[in-house]
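Line by line, the protein sequences give chains A and B.
Heads up, the numbering used here is the position in the first sequence plus 11, with the first residue counted as 1.
Heads up, the numbering used here is the position in the second sequence plus 11, with the first residue counted as 1.
Treat the hints loosely; a few may be bogus.
Put simply, identical chains are the same to the list, so a pair is met inside one copy or across any two.
Stated by the list, open to error - In silico DSSO-like pairs for lysine-lysine, Cα to Cα no more than 30 Å straight-line:
id, residue 1, residue 2
1, K225, K156
2, K43, K137
3, K98, K43
4, K225, K98
5, K184, K225
6, K33, K225
7, K225, K118
8, K43, K184
9, K118, K184
10, K156, K33
Treat the hints as calculated values from the structure; they're not laboratory data.
The chain contents come next:
Protein chains: 2
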Amino acid sequence: MAEACRNVSNNVIRRLPRYLRKLDELQASGLKRVSSADLGSMLGLTPSQIRQDLNSFGGFGQQGYGYNIADLRTELAEILGMNHNYKAILVGVGNMGLALVHNFSFKDYGFTLECGFDINPEIVGKTINHIPIYADVDMAEYLSKNDINVAVLCVPRRIADVKVQELRTYGVKAIWNYTNVDIDNRENDLIIENMNFPDSLLALEYYITERYRKGHGEESST
Amino acid sequence: MAEACRNVSNNVIRRLPRYLRKLDELQASGLKRVSSADLGSMLGLTPSQIRQDLNSFGGFGQQGYGYNIADLRTELAEILGMNHNYKAILVGVGNMGLALVHNFSFKDYGFTLECGFDINPEIVGKTINHIPIYADVDMAEYLSKNDINVAVLCVPRRIADVKVQELRTYGVKAIWNYTNVDIDNRENDLIIENMNFPDSLLALEYYITERYRKGHGEESST
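Only chain A is shown next, with the shape it has when bound in the complex (with noise of 0.2 Å):
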């Protein structure tokens, strides 16, 4: 079924990651399948937008019957690729490399993280729970022996398009960039997915300030 995902929407995927959660959250309840309007109403979406999204990948379920939870939750898990054990390395193992180093478990998403590199000589050569750390001149070396899907790139932004070029030189074809810099993919080489700091912030500011206009009557201004 997973093969047939094509031209399904950024929306689409983006709210796969959520259905997966909650499929997880449910299965640990005990509960065998789920209707589409009680999955929907968990979520906050419609019972349709919950069909129309799933259908978008072939058809789950049966009308009237609901999902089999444990069905739905592996066909989701092979769609978004979880079952390819995909290798990473982190590139900068700074305050933000350390915070992933140390409190996200990449396994449970299907990716083994290898190694890190840094120019940091008090963290080169040790080992942060359990990921070693190695030189950063040497990371040139390593990517041409290794076959590695993904680079966490969390260097500071100054550098980012260095490391980005290098990383491209050595194959290497996502970045899951905390730089919180646009890498430049104009030949749309490269599969980027940003976690950007101030674009988070800047939305979440916009909100404030919409309720804030709406509290003092501005909404009536216009």
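Please build the complex by placing chain B on the supplied structure of chain A, with the hints as guidance.
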């Protein structure tokens, strides 16, 4: 003009920070005006999408003359609410919280990070990068005496719900959520912005897997 911000779609809101960043870049490079065509090509959007987005907030620019960069930047900052100097606190100063304290400049986005709260005796009472860290048990009293607009929630997931309830009780209405937990907001009283690491990585995984399938010719198997 900003008062007219009603019923603007979430997708449009999420593009505004990107516009802002690009305008800052262009301004820094000395440019005075920019056409929707040029802005679009730099951002990977169509000129009509740019015009539509900006028209959601009233009229900017004049057909054929492009946008005055400084004016548009000022308007966008006002729409986002960057001039309100909102007050933020950090709830949980572990690895993630520390990464924000050290690396993220709240001021650049119109926020003041007032202080942090944690239970760790090694940091409580200290000042880290100009941010005082107070004891978690003192948060309630602090909130009852100070008008705080945003809580940056970086606590472990198991106590996320408890902390949200405490923040709610003391009138904090907006949460920048780093816990990877879906905050219960059925009452719709909170404004929540999620920095959800798993969701982001799973979306990246989907796109990697999609490219992998295409590379293996599976796109023709449907």
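Each hint, compared with the structure:
no.: 1; hint: K225 with K156; verdict: between (58 Å within a copy, 25 Å between copies)
no.: 2; hint: K43 with K137; verdict: neither (45 Å within a copy, 50 Å between copies)
no.: 3; hint: K98 with K43; verdict: neither (33 Å within a copy, 45 Å between copies)
no.: 4; hint: K225 with K98; verdict: between (48 Å within a copy, 19 Å between copies)
no.: 5; hint: K184 with K225; verdict: between (45 Å within a copy, 14 Å between copies)
no.: 6; hint: K33 with K225; verdict: between (33 Å within a copy, 29 Å between copies)
no.: 7; hint: K225 with K118; verdict: between (44 Å within a copy, 25 Å between copies)
no.: 8; hint: K43 with K184; verdict: neither (38 Å within a copy, 36 Å between copies)
no.: 9; hint: K118 with K184; verdict: within (20 Å within a copy, 34 Å between copies)
no.: 10; hint: K156 with K33; verdict: neither (39 Å within a copy, 38 Å between copies)
Against the hints set out earlier in the document, violations occur for numbers 2, 3, 8 and 10.
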